[in-house]
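Start from chain A and add chain B according to the hints.
Chains as they are written, first to last, in our numbering: chain A, 77 to 412; chain B, 77 to 412.
If you're looking for bench data, these hints aren't it; they were derived computationally from the structure. The reader is advised that the hints may include incorrect statements.
No copy is singled out in the list; a pair is fine if it fits within one copy or between any two copies.
For lysine-lysine, the following DSBU-like pairs were computed, each having C-alpha atoms within a straight-line distance of at most 35 Å [as the list claims (entries may be wrong)]: (1) K91 with K129; (2) K389 with K129; (3) K322 with K168; (4) K168 with K201; (5) K201 with K375; (6) K322 with K101; (7) K295 with K375; (8) K172 with K104; (9) K399 with K375; (10) K129 with K375; (11) K399 with K120; (12) K375 with K389; (13) K92 with K295; (14) K120 with K375; (15) K120 with K296; (16) K120 with K389; (17) K172 with K375; (18) K296 with K322; (19) K295 with K322; (20) K92 with K399; (21) K92 with K201; (22) K295 with K129; (23) K296 with K129.
Chain residues, written in single-letter form:
2 protein chains.
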Amino acid sequence: MSLEHLNPKSWQRRKKPSSQEVFEKLRKGDISALSRAITGVESKASEDYAFAKALLQQALPFSGNSFRLGITGVPGVGKSTFIESLGIHLIKLGFKVAVLAIDPSSSVSKGSILGDKTRMEQLVKSEFAYIRPSPAGETLGGVARKTREAILLCEAAGFDFIMVETVGVGQSETAVHSMTDFFLLLKLAGAGDDLQGIKRGIMEMADAVIINKADGDNKKAALHARREFQNALHLINPKSHQYPVKVHLCSGLHNEGIEEIAQEIASFRQHSNQNGSLLERRNSQELYWLHQTIEDRLKEAFYSRSEIVNQIKEIETSVVNRKISAFDAADRLLSL
Amino acid sequence: MSLEHLNPKSWQRRKKPSSQEVFEKLRKGDISALSRAITGVESKASEDYAFAKALLQQALPFSGNSFRLGITGVPGVGKSTFIESLGIHLIKLGFKVAVLAIDPSSSVSKGSILGDKTRMEQLVKSEFAYIRPSPAGETLGGVARKTREAILLCEAAGFDFIMVETVGVGQSETAVHSMTDFFLLLKLAGAGDDLQGIKRGIMEMADAVIINKADGDNKKAALHARREFQNALHLINPKSHQYPVKVHLCSGLHNEGIEEIAQEIASFRQHSNQNGSLLERRNSQELYWLHQTIEDRLKEAFYSRSEIVNQIKEIETSVVNRKISAFDAADRLLSL
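Next comes chain A alone, as it looks inside the complex (with noise of 0.2 Å):
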């Protein structure tokens, strides 16, 4: 006879819904199998470990049929009103919108970018919407890789629309970037140089600029600073883009812009999807994850080793010193 539904831990353990219970669920849309499923991924722990590989493995066929809008700009910018009226339209038009966010500098006290849910106070309550705060977690890398996790997961529970948002301030760009089919950049206009101050690189990467705050006493200055960006970007991407970057004006306060900025992101979709650049895009960006990862993990081993942690700070002053040069450097450290 077996005593081992005596066992506390053992029934604790029977109780676990298995990935495809879960997954199941998941795929009719529900949202807490969704949630835990993105928890499970997540997961440090390492009973979770195969649980969450079972579950991407499974949703992996249902992957790619959502469209994925990146959203980036300073704090103060706007992005969660901006999202929240952006999401709202979207499920006007019937769809079933996820906001995820990427913050690899928001910690539990510090509270992640979209912790403060209460901010988007509309788009919380409607059943079409799920919102994910940042992931918690060290690394960009493993930030990084639990939000395109994520992005797997909300796709298999049938969301149409999924918004990544990042704060412009660090190389979390690059990684949103990296895992949307459309870059939004957002910024203000008659602002002050602080809040423009948005990182090297950043503009290059958009595929549409929002001028957001274009209302009221900023109106005039939007449209001065349209006309600008516009410049700007046809200096910086004359050729790099097949599509035309455009710079939209918006209130997402009060709800202005945002219909147009719907339809640039629908025409942006179509034409993407017709002539092939979309599937070009998701396939680049698969192989730079692949890629990525690697490098990652092979400088992370590198740096981790004991020898190298005992001597890199003495190495690295000897390298700014001009005593040895940086390649000299890291012969050494490599020999170690």
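Quick look at chain B alone, frame taken from chain A:
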């Protein structure tokens, strides 16, 4: 009795000057010693390794006294003529000028971008100029290393300005930007988009933008372009430079605008010397090359393993066909 002197090979070996001898001559500004030193650094022959290493070790204490200029622009923009005009101008001011090139795409058969020295007729004749074509090499990392080592040798040989030329169509600009103190981007006004189609991200690296061939019928278009670029630069880089990026008009052919650009370089040099940003830039460049070299070598070692070579194409195909996720694929390759 030793018959060694009858052995022609050993005789040849003994005739080869030591690194000390070469370095001593090089320090006195002997151009053929400098050429011999750079050839040693560029050599792949294992017997030259110790020679090159000893040379670089001797050169290190004398490095950093030049001002290093990076120059980029697409083919046809007039880089050679510009470099010649600027070089001649600097020589007239009493400086010694070295010109190096970095172009990993060039090979012996195609000829390096500076191979055709007749394009710099005046400069090549000056005793105060040294022109060295791009080193041959398959990888950008290898070429960049050789070019950086050539910079050190030129500095030890007493050159005051070192111009590193690159063609603005690849990853080589990042390499040149990461080894120079001032990065000039050459552009054309009134040219078609094809000629303007410089790679993404280049404009944001520029410390100055030069609108070349601003002469004759082009003058009006050049003035217009200057205004547009100035606006664009303001929008891209509102705060990332401590020193404002300026747009200059230039006619390399008619020698117009060169003096203004030379003054701008002198002013930047003084400014960045005084506020410490030059040292800071060079220090971070050294650390960049240390880590870049390590990462390149880690990747090289990984991707050249026979297990990886044998399976990578198949695994990449599975990723592109969404048979396995990019992360799974990375795990598989890393566990081979």
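Outcome of the hint check:
1. K91 with K129: within (19 Å within a copy, 66 Å between copies)
2. K389 with K129: between (38 Å within a copy, 23 Å between copies)
3. K322 with K168: within (24 Å within a copy, 48 Å between copies)
4. K168 with K201: Cα proximity of K168 and K201: one copy only (14 Å, versus 73 Å across).
5. K201 with K375: neither (43 Å within a copy, 48 Å between copies)
6. K322 with K101: neither (40 Å within a copy, 59 Å between copies)
7. K295 with K375: neither (48 Å within a copy, 51 Å between copies)
8. K172 with K104: within (13 Å within a copy, 74 Å between copies)
9. K399 with K375: The answer is both: 25 Å in one copy and 27 Å across copies each meet 35 Å.
10. K129 with K375: both (24 Å within a copy, 26 Å between copies)
11. K399 with K120: The answer is between: 25 Å across copies meets 35 Å, while 42 Å in one copy does not.
12. K375 with K389: Classified as both; 16 Å inside a copy, 22 Å across copies.
13. K92 with K295: Neither: 55 Å inside a chain and 75 Å across chains, both beyond 35 Å.
14. K120 with K375: Intra 20 Å, inter 27 Å, cutoff 35 Å: intra and inter.
15. K120 with K296: For K120 and K296, neither the intra-copy (50 Å) nor the inter-copy (62 Å) Cα distance is at most 35 Å.
16. K120 with K389: Answer is both; intra-copy 30 Å and inter-copy 31 Å each pass.
17. K172 with K375: For K172 and K375, neither the intra-copy (39 Å) nor the inter-copy (41 Å) Cα distance is at most 35 Å.
18. K296 with K322: Close inside one copy (18 Å) and across copies (27 Å); limit 35 Å.
19. K295 with K322: both (18 Å within a copy, 29 Å between copies)
20. K92 with K399: between (59 Å within a copy, 28 Å between copies)
21. K92 with K201: within (28 Å within a copy, 81 Å between copies)
22. K295 with K129: neither (50 Å within a copy, 63 Å between copies)
23. K296 with K129: Answer is neither; intra-copy 52 Å and inter-copy 62 Å both fail.
When held up to the earlier numbered hints, the structure conflicts with 5, 6, 7, 13, 15, 17, 22 and 23 and fits the remainder.
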